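All chains, please: the whole structure from these sequences, using the hints.
Those protein sequences? They're chains U and C, same order as listed. Start counting the first sequence at 1; every next residue gets the next number (the working numbering). Start counting the second sequence at 1; every next residue gets the next number (the working numbering).
In case anyone wonders, no lab produced these hints; they're calculated from the structure. Treat the numbers as computed from the prediction; the structure is a model and nothing was measured. We put the CB at the ideal spot given by N, CA and C, even for glycine. Treat the hints with care, as some may be off.
Pairwise CB distance ranges, derived in the manner of DEER restraints [what the hints assert, rightly or not]:
(1) C:Thr264 with U:Asp45: 52 to 62 Å
(2) C:Phe319 with U:Gly259: 32 to 42 Å
(3) U:His294 with C:Asp210: 46 to 56 Å
(4) C:Ala261 with U:Ala302: 43 to 53 Å
(5) U:Ser298 with C:Asp211: 15 to 25 Å
(6) U:Asp270 with C:Arg71: 47 to 57 Å
Protein chains: 2
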Amino acid sequence: MIQTPYLLFLGDAPDQLAAKVAQGIKDWRPDNAVGQFRMEGCNADLGLTDMTLVQAKEAGAKTLVIGVANRGGVISAAWKKVLVMALEEGFDLASGLHNLLSDEPDLVAVAEACGRALHDVRVPEVEYPIANGIKRKGKRVLAVGTDCSVGKMYTGLALDAAMRERGLKSTFRATGQTGILITGDGVPLDAVVADFMAGSVEWLTPDNDDDHWDIIEGQGSLFHVSYSGVTMALIHGGQPDALILSHEPTREHMRGLPGYALPTLEQVRDMALSLAHVANPACQVIGVSVNTQHMSDSEAKAYLAEVEDRMGLPATDPFRFGSEKLVDALTAL
Amino acid sequence: MIQTPYLLFLGDAPDQLAAKVAQGIKDWRPDNAVGQFRMEGCNADLGLTDMTLVQAKEAGAKTLVIGVANRGGVISAAWKKVLVMALEEGFDLASGLHNLLSDEPDLVAVAEACGRALHDVRVPEVEYPIANGIKRKGKRVLAVGTDCSVGKMYTGLALDAAMRERGLKSTFRATGQTGILITGDGVPLDAVVADFMAGSVEWLTPDNDDDHWDIIEGQGSLFHVSYSGVTMALIHGGQPDALILSHEPTREHMRGLPGYALPTLEQVRDMALSLAHVANPACQVIGVSVNTQHMSDSEAKAYLAEVEDRMGLPATDPFRFGSEKLVDALTAL
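Here's what the structure looks like:
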């Protein structure tokens, strides 16, 4: 578990897009973001207060989060200098970079000397159990996609925000790097060893109040041959009471698989529901979340209306039109 | 890849059952088994020639395989003495034990000094790729079970033996510890990191002759919530042309999951086939393999006849009645 709140490290980000992890933290957990740290040449700006390490420490920040992609997969000397200083100032470090903080001997040595933690959120920090399949208390919802990267994390975070706003009990349960950095906790599911995948999802979503919703971040797709095993573990480890179908209608083939067409929403509904019933016979599909970013406003509305009509389920683009329909469907369960 | 042939280490096995890995090697790959090494107090006997390390070396053995379970999860001092001597005599060591050879500093030091390899077949030795889903040449068959431990490995090994006997081209592709030790090669799928599961199965079953069959060892079950993700990766990474349904009719609940009933063969057929069609639209279910060990001869025959009648598929217990029906069905494809 990563100590919050954060100072967001934007480094020498070449543009705003390079800082999208930091942007995600600021958008979804503004209370976690005390300020931003920018180096010379940084072209990203989150609109947060620029702070020195000392100022951020005084403002209560506990962890310096690398909220930016690095260039060429290397932690540069300029970055390293700031990271070492941060450890010396008493910050933990957290990163979702491919090249790990814990693979840098100098950072490891300084962290040890200062008693600070290095969090590489691509690497599991927990020994997860093997799933036991025992029914847990509380309620769980999971987004399952026609493909990877269709907006499942966004859907979950938006749903969580809308439920909290209505005073409902909900927790977003991160299963990927960005989600873990945003919330400070979670399971890096794609890095978990096969035998423990479903168990790690059980661990992530334990017994809870009867009226509490765990919103489990979805991954992969049952129809994506590279990652379907991960999706399966989410469905069987998560024991969802509700499924949301996620889709991006303009995609021409499965991500990274040119020979593979996307399944229909009906195919995903039927397959996911059959599999979910193994762990939770009461599971229902409650709605559709569509990523309409490549459609005009009228196209998006027409598409959503068509899906609602065809499938008899509420359909929305949470980014464009909010997630109220999905919250309504969950509370009606 | 483990160097063959082997000297089979039976240690101080308390009974024959404790040496079942060695028994599997002797049964399925007799050419791999030069002899057996037994210590004082060993109550197992494979009927192979008892050999000293020197005799086995002269007979051509390259690897000492630990073919026996150890007591209390510890590699005892008595075992250690033999293992060190074997390394010094020029043997590699191979083991499927939970406690790893590579976690024993003395074995690691001696192996390094002697230039020998330590193979812990529970740990991947390869950096597997992410699956790319590209259609491969050659044919593949996979057993999918109603549950774990219903005889999928046995079915695959028996099918492989029967196909070779008919002069057909086939290769058993091991995906578990015992299978890897038997054949000397394979993927320890339950220990592979989530993102690379399907890719490891693609790696294991590469392009081959058009008339060659890879017989992929099945794991887990789509209906076993602890391990279903592993089964999924086999179906999508394996791109099977043919599926065999495996079942043990007397089991009262899913292995290790008291609250979970077994699915019907029809449920497994429909679910596995739908998922297999994502990677290979031509995939067919070609037969049923039933583990009838807890049934009388007449019960077994009646059960198999009933399954054949009900499902319109050939059904056999490969151990009891041979796998000819399954070979016939494969060659008829």
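- Query: Which hint numbers does the structure go against, in order from smallest to largest?
  - Reply: 3 and 5
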